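Quick note, the sequences are listed as chains C and Y, same order. Sequential numbering of the first sequence, starting at 94, is according to this note's numbering. Sequential numbering of the second sequence, starting at 522, is according to this note's numbering.
Hints listed in this document are in silico derivations from the structure and should not be mistaken for laboratory results. Be careful, since some hints might not be right.
[Claimed, not checked] Covered stretches of chain C (in silico footprint by chain Y; criterion: 3 or more residues with CB under 8 Å from a CB of chain Y, positions within the stretch not fixed):
no.	stretch
1	105-113
2	131-137
3	147-154
4	219-230
5	346-355
None of these values were measured; they are calculated from a predicted model. Beta carbons are placed, not taken as given, at the ideal position from N, Cα and C, and that holds for glycine.
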Amino acid sequence: MPQFFLNKRLILLLVSMIILVALIGFSLKDRKELTWPEQFLKDTTGLVQMFFHKPAQLVAGFFENINDIRNTYNENKLLKERLEEYVTLEAQVQALKKENEKLRALLDKKESLRDFIPIQATVIGRNPDRWQETIIVNKGEQQGVKKDMAVITPEGLVGKVQHASQFTSTVQLLSALDQNNRISAYVQGKENVFGLIEGYDEKRRELLLKEIPFDAKVEKKQKVLTSGLGGIFPKDLPIGEVTKVEPDQYGLTKIVYVKPFANLYDIDDVIIVKRKIDETLQGREEAK
Amino acid sequence: MKKSLLPFLAILCFVSESIFVDLWPKNDLYIDYFFVPRFFLVFLVFTAIYIGGTRAMIYGFIFGLLYDCVYTELLGVYAFAFTLIAYLAAKAMKVLYQHWLIACLLALFFITVLEFYVYGIQLLIGRTNMSLQTFCSHRLWPTLLLNIVFLFVLSYPLKQRLVKIKRLEQED
């Protein structure tokens, strides 16, 4: 028995297990920022990843292109039909935009929850073990990315920045939504219905919008957008479309199933959204 | 040049995992089943067998730590596992016969061990509520399948390369 405890390897194993537990405990803490060694490691790996990612993507892209060519004719037909709709829509948007600006000028209200500065980023890596769906993008704090910023594709919201290091950042996708990650959102209708996006239904591949009052009128096909009230995301980023409404387990509120507009899995390029209002507020505080 | 060959291989295996997942076609198969590439682990086991335990342990620790920092942000998990696996693989070779097929089987065995270990930790800290059954059917089997294909295609060239590196080192 004493020999058992004198075994150097065994002691080393036990010590490293203790260190392991301590490290896990440390990383589970709700951290605002990563430590600088972590940031450094992330940035260096990001650089290597970028180096390998481009050629690999080119090769993969070639096979995808072959697949695309087969569908071109049908797609083209559909797109031509859509194009006419687009022109009228564009004109409408322009008119509305101008009107909005004029009205805002009348009110002397410059900032809005809606305005944001887009930061274009490219995906350079992905978490291979996929316990958490995260992607790594090639823009970091140096380009103005901060923790918790919204990440969108042209279709809609896909996630938020989990941690930003100097030149790269990690984005947590909506499909990896964890319990303490909520997004304030609303259902667009005659009367807007506000709720919180909480959780992801893996079977239906849809987001859950909870805390909806029981008497609220929510119908299928209605659009769900961010409300901007959570204090992190700008207003009116499209999230998805209502597919199903059901009462929750206690019958006091409703649960709305939301089908995301964006493809949460196939992501190549993203836009990181920086709220303008935060900048103006910050500027004001600094001026004081 | 000779000295940088092994680190280069390690980096290649490490980075290719992430790129592989990124470029894998994102169809229903991808969403329902988890095909986890464990190329680096395969490399690690082969290094432990053909180059030596100590070196494999150093690589295991460094790249395990990188894996933790860059991908999971859960420090220590992979650094611990990779180092231990490198050690065990080197130890196992004292009993087993050094053959390419045995190395492949050993790699598959350690992939299973690693999957269970990471699953256990995720369950313990409450990041997942996957049942053991879904874990086996949706995660373990697809992962093993993917890695068997990888081993089938690339393990022999990898072994040849490592043996060559070892020989070059012994000549010096």
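Okay, the hints, checked on the actual structure:
Using a Cβ-Cβ cut-off of 8 Å, 5 residues of the stretch 105-113 of chain C lie near chain Y, which meets the minimum of three, so the contact claim holds. For a cut-off of 8 Å, the count of residues in the stretch 131-137 of chain C with a CB near a CB of chain Y stands at 3, and the three-residue condition holds. For the stretch 147-154 of chain C, the assignment as covered by chain Y holds, since 3 residues bring a beta-carbon within under 8 Å of that chain's beta-carbons and 3 suffice. Check result for the stretch 219-230 of chain C against chain Y: holds, 10 residues qualifying (beta carbon to beta carbon below 8 Å, three or more required).
Judged by the Cβ-Cβ criterion of 8 Å, the stretch 346-355 of chain C is not covered by chain Y as claimed, because only 0 of its residues qualify and three are needed.
Hint 5 from the list above is the single one not met by this structure.
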